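Both chains are sitting in their own frames, so use the hints and assemble them into the complex.
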Amino acid sequence: MMHEDLLDIFLEESRDLVTRAQDDLVELETNLKDAALLDSLFRAIHTLKGSVALFDWPSFAQMLHAAEDLLSAVRTGAKPLDANSIDALGACINQTESWLVTLETERALPSNIATRAAPVTHALRRALDGGADKAEESGSDGVADDLAARAAKRGLALEPPVFLVTYTPGRECFFAGQDPVAIASHAPGLIELEIAEREPWASLDDYDPFACNLKIHILSSGPREALESAFSGVSGRVVISTARLSQMKDTDAETDEGASGAGARRTMRVDSARIDALMHTINEMVVAKNALSQLALESARHSGEEMGERIRDHQAGISRLTARMHAAVTAMRLVPIGPAMRRLPRIARDLGARLGKPVDVVLDFEEIEADKDVVDGLSEPLLHLFRNAVDHGVESPDERRAAGKPERARISLSARRKGQLVLIRVADDGRGIDPDHIREVARTRALLPADAIDALDDGQALDLIFRPGFTTASEVSDVSGRGVGMDAVRTAVMKLGGSVDIASKPGEGTSVTLTLPLSMVLTQIAVVDCDGEVYGVPMEEIVELAHVPASEVAEVRHGKALILRDRPIPVVSLERLLGRKERPEDDSLRILVMRCGDELIGVSIKRLVYRMEAAVSPMGGMLRGMQGFAGTTFMGDGSVLIVLDMTELIG
Amino acid sequence: MTIELHQDTISLISACPAQDAETLVELLIQQRSRSVDASACTSLHSAVLQALIAFRPKLQSVPDDGAIRLLFSQALRTID
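One line per chain: the protein sequences are A and B, in this order. Going by the numbering used here, the first sequence opens with residue 320, and the numbers climb by one from there. Going by the numbering used here, the second sequence opens with residue 16, and the numbers climb by one from there.
So that you can see chain B by itself, here it is in the shape it has in the complex (with noise of 0.2 Å):
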């Protein structure tokens, strides 16, 4: 699993294919207030951006790598 739930925590871990997408939604219409991990995640695709653009959940921590990091500041303006 690419997505894995920890209490109020949506984690996303390595590459997180489109399919995540879908999990991510579910869970994130179930609670709102679900803040998301993405320390570990190392890529991940339009669906599932598009899902953390369209929810604005919490961000926790963004990825630590170099592109993915870049790409999350992006499109979710977490640096900027």
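The shape of chain A in the complex, shown without the other chains (with noise of 0.2 Å):
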């Protein structure tokens, strides 16, 4: 039974040999003294007959051997590459890569792999031994060294030199009274002798039984004046070379070491940094792309709706293409979360250590990728969520016992993929988080007026603690720290693009779960004026834009509300939000319906400018951190667009 895996590995990585096998040999015919085409093609070959040695296919693999010992007897310069060679060499890439097609399709090679190999390796020695003459005492030749294998499985040992015999009969031998085999096996100094047909028989219906179709290889101890006397008779047949037997030569190991380089060559190191400028260039295409959107609306100002009409065409055309790179720069941003992951438990050990928890780390993940950003984003809320489960989550020793439950705490760390989201989920078996007290700090901090706090159910009352400036350790530890809430951890995966939730039993434990983008995606951008700037508004925040009345817009207690379909919305313009002068207003408002939560809520604009789609890109640097803002991303003419994370503003 074949292994499937090893198959399609075998695949993969045989097209790619296949391949620049062809290619090479398409340029040694024009070129064919050229020393780093045939070591290319000689490496393929080598690594193509290694891999097929994995599998049950022996004249697969005996074919590639035989183009092996030709390429290895050209490139010593014991025998000229000539056209033979050449044709020898291409049936055999060819039969290759029409067996790779077969495996691909059929996950088997097709019965009668023996007779479509054998004309092909019989030309591959035919072309070997059309040169012998000159191969004499240099030819390496696997068919010496499978000779050797097998004397030594007999327990012979190989003393050199070692002959190698190439008897080649007549076709008409028999009629002449000669018994090749019997002169074969009397040759003196018989180590081990290999009788095959020279070449298959076409159709054994019409099988002449004297017609000798017979090539006899004999490996012999010598001396080679014995064996020239021995085979006198037939002289003109036989070929006596010295073998040189692999085991014998330590010219191999080099070979073999290039010829791995070679095959290892199914994956490449990128620097992240030269992936991340494609990425960038990429981001930067869609943004110009975008500068069609406007140059699309001129011009049909200017020159007619026609124009406009054609730009548009071109522009989703382009817009086409940069999405299909954006997704292949994306696929190869992909990396593994384990790395992030596996290292947790051993951090989570030595602080249960240090405060006298002793903690059991349980990982459960698939090998799940991501985009690198969010992969690197995700160790420090993570380390966070463990050092919150190590400190507050789990008990001391003492309480555990008092409460029936094992002494070790254990803290599980699993990762899910769900579509194009990856799920990671931290829990402990800890003391739980009674929602009653979370109120009652609310309460004491005055996070919310008293009757919303009175108003949240259990799951909305454990959301308060990602609030800002909420902390319920009631004394500061050395762990986690003073300041750094889970505030700081919701704030780090909502910059990634995910989300985090809570869930807790008292007494039974909590779990925080994160949902991620598994990568960067495009985002819909609304590009807004304000005060002569222009800021982005995320698409996916706005619910709709209403055009209305000043008038509909009436002053309440602390600001202004429209009714909106019956139900009231309050507004408040966005230079006031950013924090700019007030403008004056206009007859009619231009206003963001946004969704802030579970309510809606209103932003004055001055006007839309238009809108694109973007990469954006957390903010860096010196803007890392900085409230209200979601990240930056370039427009059309090459300036930076700050964009706007209005539930933050708004909060």
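These are computed hints drawn from the structure, not numbers from a lab. Incorrect hints may have been included.
Unchecked claim - Here are the simulated distance ranges between beta carbons:
1) B/E37 to A/A372: 35 to 45 Å
2) B/Q34 to A/T338: 48 to 58 Å
3) A/G474 to B/P32: 25 to 35 Å
Since the model is a prediction, treat every value here as computed from it, not as a measurement. Glycine residues also receive a C-beta, built at the ideal position from the N, C-alpha and C atoms.
Here is the structure:
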């Protein structure tokens, strides 16, 4: 039974090798003496042979072995690369390619591989033997190696010099009364003998019993003179050479190293900075494409709707291409999340030891790949969750014993893929969180009006711990530190485009689930004007853009409100949110209706400039952590656009 | 005779000359499922051995004697 994974790896690797071999051979035809091409071709065939040997396809392996032998002789200069050799090698590579195709579709080789391989193998051997007079002293020979291996199996030790006799009796030799096998089996110093057909029989139905079609290989300890005299009657049919066996030479080690190096080229290591540069360029292309929206608008105004229409058509075409490029480079940036997860158990155990809380960590995750930025950005929130779990979640051994729990606490870390998202869950079996306690703290710190706190269900109450400034630990430990609460976790995860949820049962434990995108996606952005500057607002936060007469916006106690479809919506101007001076009111207002948690809120803007799609990069450097900004992106003219985090701004 | 047919088994007996190749091939072409018993074979001509290589009949038994046994194994891979 063939291992399916192994076959897949073999196919992937071999396709490349066959392509390379084909290319090399084509070049070699016009450039017969190019040593680099020859080396490359030899390595491809050598690696293929090695891979094929992993499976049970003896005739396939023999064919490649013959090709390797031929190339080896050409490399050492023992045999010139002639037309016969090129043809035979070409046939070998083509046959290999055809079998790879079969393997890919059928997952198995046809039953006739032996009959298919035989003529190719013979052509290769013939091409090699054709120049054998030159190969006498130096030819490394696969046949000799095979024979030596068989002799070794019978316990025969080989001492150099060892001779390889290749005896190809004439077709009519039986009529001449010759018995080639008898001659061969009486060869002096005989170590091992191989008798096989010279060429496969086309059809056995018209088999001619008296046409000799044999080829005999003899491995002998010599001496050469004795061999020459034993075969003197058929000297024209015999080639005697000194066998260079692989077990007696050391050059193969070098060859193998080179060959495995070539095979390893299946994957390529690329400096991540180069991929980032490519990603950056593609993002700029997306931006440049966005400029066409503007162009379409302008030309429709100046040159008529038809021109605008044509530009939009082109934009759609380029849009598809950039989307495809974006997807390709996005896939390139995927890295496994495993390494970021695997370092956590040790950290948790060390921490537990310092706090006198023995902790076991259970890792349970599939090997998931996510964008490099997501994986990099994941480490810190995960570390924080682990510290929290050990520090606050888990009780001391005494408390645990009293509660009837095992002394050793258990923290589990799991990761699951769900569509384009990855769900990472950190769960402890500690004391859990009491929602009433959270409500109490929230009241003391006036996080929300008292009646709002009373109205929260348990789940919503738990969610309060993600509010900035919420810290329930009654004593500040050196582990979790001061001032860094769960709000840091939520902020970090949201910066990655994800979300955090918490669930807890008092006395049983707490689990926190991070939901993150597998990769960075293109965001639809509305570009809005604010006091002469433009800002981006993610479209997904916008419910609708409402044009309303100024008279419909009423002054209420703390500000303004709009009744939209029988629902009162507070309205605030973008200028005010950004701390700019209020602009004089127009007769009609443009209001972005945004979803903010469960509520709707209206943000009045001067005007919506246009829409674009872009990859938003999180704020970096000195701007990192600034409230109200989701990130930056580039506009069609190359200027930087700040994308607002409306939830945070309004918050 | 150095070649005999018993039911579906072709026996090679003592030293088989080149002419046996013709008989052997005829018997095998007549019925390809016939097997070969070479236990009594002491030597055989290249032509006979070649027929065995070409048709690859099922070998019921190979010669006991060392040299010819080795020859069978080398030509027909009956042992290794």
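Cross-check of the supplied hints:
| no. | hint | in the structure |
| --- | --- | --- |
| 1 | B/E37 to A/A372: 35 to 45 Å | 40 Å, holds |
| 2 | B/Q34 to A/T338: 48 to 58 Å | 53 Å, holds |
| 3 | A/G474 to B/P32: 25 to 35 Å | 34 Å, holds |
Hint check: no violations occur; every hint is consistent with the structure.
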